[in-house]
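J.: The chain contents come next:
2 protein chains.
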Amino acid sequence: MVNHAGTFEAEEDFRSLSDSLFEQLSEAIVRGEFSPGAKLSEPRLAARYGVSRGPLREAIRRLEERKLVTRTPRQGVRVIVPSRKRAVELFHIREVLEGLAAREAARHATPDEIEALQAMLRQHGQALARPDAMVYWQARANSDFHFLIARIARNEQLFALLSGEYYTLFRLYRMQHRLVPGRARRALLEHERIVDAIADHDRDLAEMLMRRHIAAARKSLEASMGEEGADQASTACSDLGAGNL
Amino acid sequence: MVNHAGTFEAEEDFRSLSDSLFEQLSEAIVRGEFSPGAKLSEPRLAARYGVSRGPLREAIRRLEERKLVTRTPRQGVRVIVPSRKRAVELFHIREVLEGLAAREAARHATPDEIEALQAMLRQHGQALARPDAMVYWQARANSDFHFLIARIARNEQLFALLSGEYYTLFRLYRMQHRLVPGRARRALLEHERIVDAIADHDRDLAEMLMRRHIAAARKSLEASMGEEGADQASTACSDLGAGNL
DNA sequence: CCGAAAAATTCTGTCGACAAAATGAGAGGA
DNA sequence: TCCTCTCATTTTGTCGACAGAATTTTTCGG
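If you read the protein sequences in the order shown, they are chains G and Z. FYI, full-length UniProt numbering numbers position 21 of the first sequence as 21, with every residue one higher than the one before it. FYI, full-length UniProt numbering numbers position 151 of the second sequence as 151, with every residue one higher than the one before it.
Keep in mind the hints are simulated off the structure, nothing from the lab. Treat the hints loosely; a few may be bogus.
If chains are identical, the list can't say which one is meant, so a pair holds when it fits in one copy or spans any two.
[Said to hold, decoys possible] In silico DSSO-like links for lysine-lysine, alpha-carbon gap of 30 Å or less:
| id | residue 1 | residue 2 |
| --- | --- | --- |
| 1 | K39 | K67 |
| 2 | K67 | K85 |
| 3 | K39 | K85 |
| 4 | K219 | K85 |
| 5 | K219 | K67 |
Start from the sequences, fold in the hints, and give me the full structure.
T.: This is the structure in structure tokens:
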């Protein structure tokens, strides 16, 4: 069995409370259940999830290491406040990392893997005709594509980075950005060209196309978050009486 | 703000025990005080550093997140075992990240920063004539250069990645690799060309030169770790009775 | 003498509790 | 009315303790 992180969970998946909390909190942050900048109170969270503060603190330390929360020494942790600046910086990083993934995928892809990529593209093309194409694309298709490329690249460190450690952050910042009309179809075209380059084992081209693909997404996001200033959460964050825990 | 003693209390750097332990353990692992693969027993470490297991576990969770230790569910954590495969993978990642840093540095560098880079190169050139040139180069000069580039790039996420989160890992794997004779002088030449490109604000060239520079280091390391197999620690790790804590 | 089962020990995962500090509320004075 | 000082409450950082599991040691049979 292969979980979403791509690791083989042959050994009985014993998840400690800390692991479970880490996943739940990550998901909750990405899904916006905690508003940006909201304070995470340890006693309340402990009561909320029915656990002690020990495992909770371990989970929070991991969230902090992944930059999903920020911590001020004697003051506690707060959910990260997405900013246009950070989003752009993150996309620049993602651009080169995914470029490397495409390059290494072009280097190592087997015929079977190339076929798998092409099959996925066909499926995505069919899905694009459905009514909920946009939401599906943003939620699943895009992730599937980049996930598979990262796996084919055969670089465990890179795979862990793209599909695990940074994946949540990417999702968090992608949530901000509603897909512009027509972007999905264009993205599929770009995906197809990238797969072509990988099928040809053309490393340089695969990397260049992937970088342009990510750069296009970044520019779309930059335009979307256009004039919202450094921290768009200056309007609604800090403390909303009810929603923060 | 000025306190009653008249000194500026610039957010007095309060470090929790967890933070302190995290730094100490990271340093100890990189410096080889814990042999690769050695088990880290929580009670012994707690006694060793005179702290409780609570903060220690938080520090260990952060070490785990940074891949300095590996954790098996009901079995504890062990120091990572450096392998040729992982080292090569890490250098591929570093290649594109430092390439991005050079690109962004070429984009954003001010005249002052360019002058600082050139001054540092002059200093490194003089240091290269000293008797302990090699060890100095590996210990300081190389880090200084890449550190400064990352700062000039003006990408906080990238800077945190290169000079913080991944820096320890890079050091760990670099420890394995003794600098080959003549490499230092060649590296300095490569550094000079990179700075030239940055001074010219030639983004593409700066990125390309930096990537070649890292790739050269990687190839040198690949040759050095040549035939040592996947896990060179198969000879001496596991448990050496005295040295593990 | 060697191998296997059983007991003892150690260790991980988790919990509740305490002290210092920070936040917030409330009284008092200008 | 508004500011400030004081006090109460919440929260962070830390510690010691317990249950279950894993490891090691001991013991017993072949």
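J.: At most 30 Å between C-alpha atoms: does K219 with K85 qualify within a copy, between copies, both, or neither?
T.: For K219 and K85, the Cα distance is within 30 Å only inside one copy (13 Å; across copies 35 Å).
J.: Give the relationship of K39 and K67 under a CA distance limit of 30 Å: within one copy only, between copies only, both, or neither.
T.: The answer is both: 15 Å in one copy and 28 Å across copies each meet 30 Å.
J.: Could you place K219 and K67 in one of the four classes (within, between, both, neither) given a Cα distance threshold of 30 Å?
T.: within (23 Å within a copy, 32 Å between copies)
J.: How would you label the pair K39, K85 (within, between, both, or neither) given a Cα cut-off of 30 Å?
T.: The answer is within: 22 Å in one copy meets 30 Å, while 41 Å across copies does not.
J.: When no copy is specified for K67 and K85, does a C-alpha distance of 30 Å or less occur within a copy, between copies, both, or neither?
T.: both (15 Å within a copy, 28 Å between copies)
In summary, the structure agrees with every hint in the numbered list given earlier.
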